[in-house]
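Q: Sequence lines, in order, name chains A and B.
The opening position of the first sequence corresponds to residue 0 in numbering that gives the first Met the number 0, with each subsequent residue numbered one higher.
The opening position of the second sequence corresponds to residue 0 in numbering that gives the first Met the number 0, with each subsequent residue numbered one higher.
A couple of the hints might just be wrong.
No farther apart than 30 angstroms at their CA atoms in a straight line, the calculated lysine-lysine pairs in the DSBU-like style are these [as the list claims (entries may be wrong)]: (1) A:Lys264 - B:Lys271; (2) A:Lys403 - B:Lys182; (3) A:Lys182 - A:Lys271; (4) A:Lys264 - B:Lys264; (5) A:Lys403 - B:Lys403; (6) B:Lys302 - A:Lys271; (7) A:Lys182 - B:Lys403; (8) B:Lys224 - B:Lys358; (9) B:Lys225 - B:Lys350.
No lab work stands behind these hints: they were computed from the structure.
In case you want the letters, here they are:
There are 2 protein chains.
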Amino acid sequence: MLILEVDVKQRVSVNEFDRLAAYWVMTVVGNPRITVRLWDGNEFYFADGTPVAVMEFRSRSALLNLVLAQSVGFGEGYSNGRIEIHGDIIDFSNEVARAITTRRNQNYYASKLSSLLRAIRSNTLTRSKGNVHHHYDLGNDFYEMWLDERMVYTCAYYDDADASLADAQLAKLDHVCRKLELKPGQDVIEAGCGWGALATHMAEHYGVNVKAYNNSHEQVSYARKKAAARGLNDRVQFIEDDYRTISDQCDVFVSVGMLEHVGLKNFRGLGKLIDKCLKPTGRGLIHSIGRSHPRPPDPWISKRIFPGGHIPSLGEIAAVFEPYKFSILDVENLRLHYARTCAEWLQEFDKVSDEVGSKYSKEFVRAWRLYLAGSSAAFEFGTLQLYQIVFAPHGNNDVPWNRKFLYSPESSGD
Amino acid sequence: MLILEVDVKQRVSVNEFDRLAAYWVMTVVGNPRITVRLWDGNEFYFADGTPVAVMEFRSRSALLNLVLAQSVGFGEGYSNGRIEIHGDIIDFSNEVARAITTRRNQNYYASKLSSLLRAIRSNTLTRSKGNVHHHYDLGNDFYEMWLDERMVYTCAYYDDADASLADAQLAKLDHVCRKLELKPGQDVIEAGCGWGALATHMAEHYGVNVKAYNNSHEQVSYARKKAAARGLNDRVQFIEDDYRTISDQCDVFVSVGMLEHVGLKNFRGLGKLIDKCLKPTGRGLIHSIGRSHPRPPDPWISKRIFPGGHIPSLGEIAAVFEPYKFSILDVENLRLHYARTCAEWLQEFDKVSDEVGSKYSKEFVRAWRLYLAGSSAAFEFGTLQLYQIVFAPHGNNDVPWNRKFLYSPESSGD
Chain A
0 MLILEVDVKQ RVSVNEFDRL AAYWVMTVVG NPRITVRLWD GNEFYFADGT
50 PVAVMEFRSR SALLNLVLAQ SVGFGEGYSN GRIEIHGDII DFSNEVARAI
100 TTRRNQNYYA SKLSSLLRAI RSNTLTRSKG NVHHHYDLGN DFYEMWLDER
150 MVYTCAYYDD ADASLADAQL AKLDHVCRKL ELKPGQDVIE AGCGWGALAT
200 HMAEHYGVNV KAYNNSHEQV SYARKKAAAR GLNDRVQFIE DDYRTISDQC
250 DVFVSVGMLE HVGLKNFRGL GKLIDKCLKP TGRGLIHSIG RSHPRPPDPW
300 ISKRIFPGGH IPSLGEIAAV FEPYKFSILD VENLRLHYAR TCAEWLQEFD
350 KVSDEVGSKY SKEFVRAWRL YLAGSSAAFE FGTLQLYQIV FAPHGNNDVP
400 WNRKFLYSPE SSGD
Chain B
0 MLILEVDVKQ RVSVNEFDRL AAYWVMTVVG NPRITVRLWD GNEFYFADGT
50 PVAVMEFRSR SALLNLVLAQ SVGFGEGYSN GRIEIHGDII DFSNEVARAI
100 TTRRNQNYYA SKLSSLLRAI RSNTLTRSKG NVHHHYDLGN DFYEMWLDER
150 MVYTCAYYDD ADASLADAQL AKLDHVCRKL ELKPGQDVIE AGCGWGALAT
200 HMAEHYGVNV KAYNNSHEQV SYARKKAAAR GLNDRVQFIE DDYRTISDQC
250 DVFVSVGMLE HVGLKNFRGL GKLIDKCLKP TGRGLIHSIG RSHPRPPDPW
300 ISKRIFPGGH IPSLGEIAAV FEPYKFSILD VENLRLHYAR TCAEWLQEFD
350 KVSDEVGSKY SKEFVRAWRL YLAGSSAAFE FGTLQLYQIV FAPHGNNDVP
400 WNRKFLYSPE SSGD
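Chain A with its partners taken away, still in its complex shape (with noise of 0.2 angstroms):
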């Protein structure tokens, strides 16, 4: 490994520990094309090529907390401004993203080291108070800035390579529809409707009956007056309440989006209820993020932006179904699309960033950018995966023999 100091320049308060702890930070994510500015001007770069971005710690306690509690020390230091980043945020993400993704042989010492720190940090984790609005304090006006106008919150399809976010987010209701094979007048369970895009699309375009359920209360009215401006008060219906008070009999299950948030411990539950309430001619769908490997939810995403969610893996996610009687009929990765998605959030986010800064804070506004960033290099280099999965109760052989018709003009709605 190269060692290059770009810029030596040495002033009083920068020590050879100052130096050693730039070095740790970068080593732990594989050695990313990252150049470390310090806060008396010194610049570090440990990689080979061309830098993609420069990483400025603006004051030591900025680099101990990275070192001391890495994910949350960065997110922390970077919306608090102590950390900035010099260059495109979605560059940076990526790049730091592959070198984790593509670092080989991790140093022994530097990942004991890593253990015992993320040991020492879940303490401080505990001490420290949050200041930045949970995700869902956020109210219905802050998506309405920057998400498509069905207000949808989930990872977009992009079935052709010059669609708009607009259009993937259509292309996906679609998709989803079509995976369902909806037939008008079937009954629709959905769990976790966001702000009801979703159910309002399969009630209007495939004529089916829909019982949406959420708990947010402010999702819930938005999504009913959605829903009754296009006339579909006898076809949908929001229900404010948990997915575990789901009873209904349905022909189909759907959830988009909630399966992340529902936690490991509750995967059982929720198999349990499907497998309760979906007719045996059933069938049905779940969209969720999920990893490669089973792994905690990282330590800065669960502080800040999803308290209490947990990102399965595959392996995790087949303790939905395999408790019951359901055979998995179709799995599809689409984390690229996700990628993109959020790429395109951000640049949405971006044009009324003054405007959430003045509404909230403009540390609120550095959280949102980073998390927006770094999503979109999780899923662009699959430490993050984006699943959607299609089941059906066992016995039922009422099931497509392949997927030809996902692809064929005429199976949309209408």
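Given the structure of chain A, go ahead and fit chain B onto it with the hints provided.
A: Just chain B now, kept in the frame of chain A:
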């Protein structure tokens, strides 16, 4: 439940205990519409509706063996002719599979007793010596009698409802090749190549270089002769060795119908091997029989047909991939195709059963008929699944954005 005694010829030998045993046997499998006929002509029917077939016990010991050793008792009893099925064996197998799949709220005491009997049975099993030839001792001649011309002994793909077995096996080879996006000149490793149909097809029609592994001397000799006859010796190499000796780098890793024989404890090792061999830009496919629930193999199938195998659930298959850096890209379930494949194999087998009987034994023919019919039924009712899993190393973004290309006519080889 209606208990019908269709024909109550009370002869001396059948007592109340025998009737209870017959009742027990049918209850455990969910009361299929099967008439039980005992050795004295007495018939019992414990279901509603019209009987699909008659199961005749020609001796008390055959009935008691079924009570004690369930799957093994039935398999052995049918093979040695002490149990006879009157009616079509596929209809019989489907009806039993249907009843097992749809039984609800299995009787608590029945399931407790069933577990107890399983414990007793495991002793019975070790005591009885096998006299039916195992799968891989059988030689090429046996399989040539009833497999398709390419000698493909895995699930076919009925691209077209009218396809013959041979057409469907060819379509399966192309379906696998398309999923792998083979490009001329690529290096392919195939683990467990049977008689070489896929390896030869890939080399001949997709212009790739194949190293195909199989530790059966007879199969490898056969495959080499076929490839030589097609002038493919420069592009296909058949290696008579265990898959665990694979060490070359490759662009594509494929394994069709091997995972079932690998054994659960070796899944992680298989994943490690693929992780080592597959280039960062590569992709792979595993095609395997699967289950909805993790479960030990059927004891009779283990004893007589596939010793040492384990049919994994999707959650168990995750153990191949999740310790390493893979994205699972696509999972397709082809269970209905395998139900049809097995049923068509049985038809072909029946055409040559006299010849098979004189070469081996009547018992052997009956064991194979039961195995093929039972497998067809298990796929038909979803107790068995057939998964094709496409995967790629984590960071490989040269993967398709959607699956349209699988269904467009241009994507075939040549």
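Q: Run through the hints listed earlier and report the numbers of any the structure violates, in increasing order.
A: As far as the earlier hints go, only 6 is violated by this structure.
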